[in-house]
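Asker: So the protein lines, in turn, are chains A and B. Using my numbering, the letters of the first sequence correspond one by one to residues 1 to 465. Using my numbering, the letters of the second sequence correspond one by one to residues 1001 to 1529.
Treat the hints as calculated values from the structure; they're not laboratory data. Each hint should be verified, as a subset may be incorrect.
DSS-like cross-link-like pairs, simulated, lysine-lysine; straight-line CA separation at most 27 Å [said to hold, decoys possible]: (1) B:Lys1231 <-> B:Lys1213; (2) A:Lys337 <-> B:Lys1213; (3) B:Lys1419 <-> A:Lys46; (4) B:Lys1419 <-> B:Lys1396.
Label-pair distances were calculated between CB atoms; the ranges are [claimed, not checked]: (5) B:Ser1060 <-> A:Ala434: 27 to 37 Å; (6) A:Arg241 <-> B:Glu1258: 50 to 60 Å; (7) B:Pro1453 <-> A:Arg241: 48 to 58 Å; (8) B:Arg1506 <-> A:Ser57: 55 to 65 Å.
Each residue gets a CB set at the ideal place from its N, CA and C atoms; glycine is no exception.
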Amino acid sequence: MAAKHSASHPYIPNSVPTIRQQLLDEIGAPSVEALFATIPDELRLKRRLDLPEPLVSEQALRAHVEDLLARNATCRQNLNFLGAGCYQHYVPAVCDEINGRGEFLTAYAGEPYEDHGRFQALFEYASMMGELLEMDVVNVPTYDGLQATATALRMACRMTGRRQVLLAGTIGRDRLSMIRNYCQPDIEAQLLPFDPVRGTVDLAELESRLSGATAAVYFENPSYLGFLEGGAPEIAVLAHRAGAECVVCVDPISLGVLAPPSAYGADIVCGDLQPLGMHMQFGGGHAGFIATRDEERYVRQFPSRLFGVTPTRVPGEFGFGDVAYERTSFALREQGKEWVGTASALWGITAGVYMALMGPQGFAEIGESILQRSRYASREVNRIHGVRSPALDSPFFKEFVVNFDGTGKTVAQINAGLLERGIFGGKDLTAEFADLGQSALFCVTEVHNRADIDRLAATLEEVVR
Amino acid sequence: MSDDIRDARKTDGRPHVRRFHQARWDEPVLFELSTPGARGLLLPETEAEVADGAGDVWGSIPDSLRRRRPPRLPEMSQVHVVRHYFRLSQENLGADLNIDVGQGTCTMKHNPKVNEQLARSPGMTELHPLQDESTVQGILEIYYRMEQLLKEISGLDRFTFQPGAGSQAIYTCACIVRAFHASRGEAARRNEVVTTIFSHPSDAACARTAGFKVITLYPEANGLPAIEAVKAAVSERTAALFITNPEDTGIFNPRIAEFVQVVHEAGGLCFYDQANANGLLGITRAREAGFDMCHFNLHKTFGTPHGSGGPGVGAAGCTSALERFLPLPTVEREGDRYRLDYDRPDSIGKVRSFLGVAPAILKAYAWVMSLGADGLREVAETAVLNNNYLLHEVLKIPGVAAPYAEGMRRLEQVRYSWKALCEDTGVTTDDIGLRAADFGVHYWHSHHPFIVPEPMTLEPTESYSKADLDEYAAILREVADEARNQPETLRTAPHNSPVHRVVDTRYFEDPEMWAVTWRAYLRKHGGEG
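Hey, can you work out the whole structure from these sequences and the hints?
Answerer: This is the structure we're talking about:
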């Protein structure tokens, strides 16, 4: 006799018909339908949802999704030089192991007692970020670096009571869009012109624009275009002279070799954690951090949760809990600072694992390695006739602008040629920065070895010819 | 409780409370585990040709941008990193471990392992979001298909998956409201958003962040705001209504369509916060109630894990009239190809990097595809049946009540009140919750402010069996008995958790004492450790 498939869905224990009837009997309801009596008839959907037939067996479901995923071409199958905010770094196995633990993965919002583990892991995450950044206050992660930047700017505006922010002109256009969206209608965001040769902030122009209306000066180090902001200390001095906050976005993986922004005068530091142990995941690995000095006027402006360490009633035991909770929207609804909710905690825990694995030596080594590999790549690419790299005359970290004007080809043509040969070329910058001509932003990390880089150079030479 | 383990097992078909004790490792903070020179990971050395070819990389960096002293990170072997985090994980009560009906409003449900495995395969993890469209057709198709599913489930016309969780989706819809009124020259005048106190705090907070004044409606004796209150609140200044239904009380507002009508007649838009949609799948939709926008939490209703607090996805949907304002880009299908559309001049722009949390979208898609139309309806029916059964069992416990709508059925959750027990015994809902933790479950009171006195919010989704619900009710009964007979046990709880109760709240409130990082702790309390 053929086995008859049961109607009970594996995800729904009480879908067993006899149990359902037992529950109905217990509560004295004639039918499940009767439980929905409060929903008026005119609001009821009087038909079955029109959805595809389900793939009830796990085997069929897996085959279906695997078939869809097989239509992607990955950065493992191809050689990838895309960055521009999402980075291909090596992800240590331990990172995936820890963030795959069901105890963390499926937890949510329990108290600091039965969920002590995630509180401690996130406190430790913040503490290690604090060491990288040399700052004493780091939030439980927000959604991503874009959100962290927009919130950092709003914090600066609330602190100063001013409503204008000046932004380095080489900011990425997605981040700018996010800021403009997020700061409406209270804040005016102005772009600062940049030095066309070096890419850096035009200090004279900054000085002339700063006024008593300026809440913050914002720049990135390394910048969206990869170069280092050489005038960083001067920018901070100018901002402070005008009574403005200096807000700096930083790539945390650079901090084994580059100075933390606090060392050159930054007041609020923000950025994205994705480089620290998260796979790219088509942009799904992002989480944002915000850090400040431990001064009450900063702490009170955070919208995010801040986990603090505390003694318990047992001597010597560490507990954790929310610091200055009364500033949040959880406590005060619309009177709180912006809002707080589910964001990216699992990636915060993962970044903590990454920092613990790397240690000070690991950060120094990876920073140097990226400096070397990216500079080697730029030099190799620069040898190609008609190609100029780096197109901006500043030191850089991880990313650099390559200009193709001398080749007579567009970036789109070149990237199409690279793609045919299994290489994902740099991000086409022509739409974002028309003044840079036919330029692309290439990203080189520790995952790229000499053979990869030489292959890029050789293939580019072939494609631009 | 007796010491005979058989009393803590289901030996006679009746639920008992189990002799739970969580792992307690007294695990030090990572910095205390540091051993100078230890390494957790070794990196590939840079090849000599690359190092030589790169030249003097240090010399190229301006002095002021060079790191002067190494970061004081812990130095640990891989062995100890793994052990530390495994211990911390054991000190954390994931939904996989417990009868997680105590985190009301959070829709804790089973997160299928197959979906996790799929999301962790290289076809998902090793994709860069800026790859050429031709190389990401699979993931774009998943976005497209998931959008079609949610369109049918909500009745609305378009969705974006960019928001990273529910609050960001609410914020996105607040931006759409702003853009809509601006497009009609009414942005300055229409500056008020109406919400309700039992809607999530983010309905108020996100609207405020987007620049709106917030008007909050309070419930009548039946637990719902009166239609007259809505009429009184709306005016030519009304930009929108942001409302949850059912609210966190689990009471469905039967006049919701009238609320919408009143706001529409005043020229406002209506946003349906569908964080509480688990009891509504296939039953009723935003479309039928007349809403212009809604959102779903894929990490709640659609079975993707909560990640200790994200990442999730707040899928925000709207009618075709508002489609042009959605964040950039949208995913479009042309024939059998999928592409990203950035050519949308009226878009509110970006609300999050790239295209949102793609692996969560994949997991939610797989979850719906496992269930189909009948399965989704069964989810809703079972969630509601489970909730009404748990309500029936909990109300047998002396001292607890379910305020509002007495005797009526609830949908997927209930906000209870321990007012009577607390008045009798002097314990608080916090004490009850911390004692519940001793039995291996979560417990949540309510968002602030506590409108319901001494609140408790339970949401037994479709993932729990009758025996599970019986066990949870038995735990509450045990705790309530203790409140009467040995209240000190509650006031000093938890006893079986990884750590004990925090009694000195100055560490959270006093700027001289709080420490959000280890370095701050050492600076302020160095001698105490």
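Asker: Evaluate each hint against the coordinates.
Answerer: Each hint, compared with the structure:
no. : hint                               : result
1   : B:Lys1231 <-> B:Lys1213            : holds (17 Å)
2   : A:Lys337 <-> B:Lys1213             : holds (14 Å)
3   : B:Lys1419 <-> A:Lys46              : violated (40 Å)
4   : B:Lys1419 <-> B:Lys1396            : holds (15 Å)
5   : B:Ser1060 <-> A:Ala434: 27 to 37 Å : holds (28 Å)
6   : A:Arg241 <-> B:Glu1258: 50 to 60 Å : holds (58 Å)
7   : B:Pro1453 <-> A:Arg241: 48 to 58 Å : holds (54 Å)
8   : B:Arg1506 <-> A:Ser57: 55 to 65 Å  : holds (57 Å)
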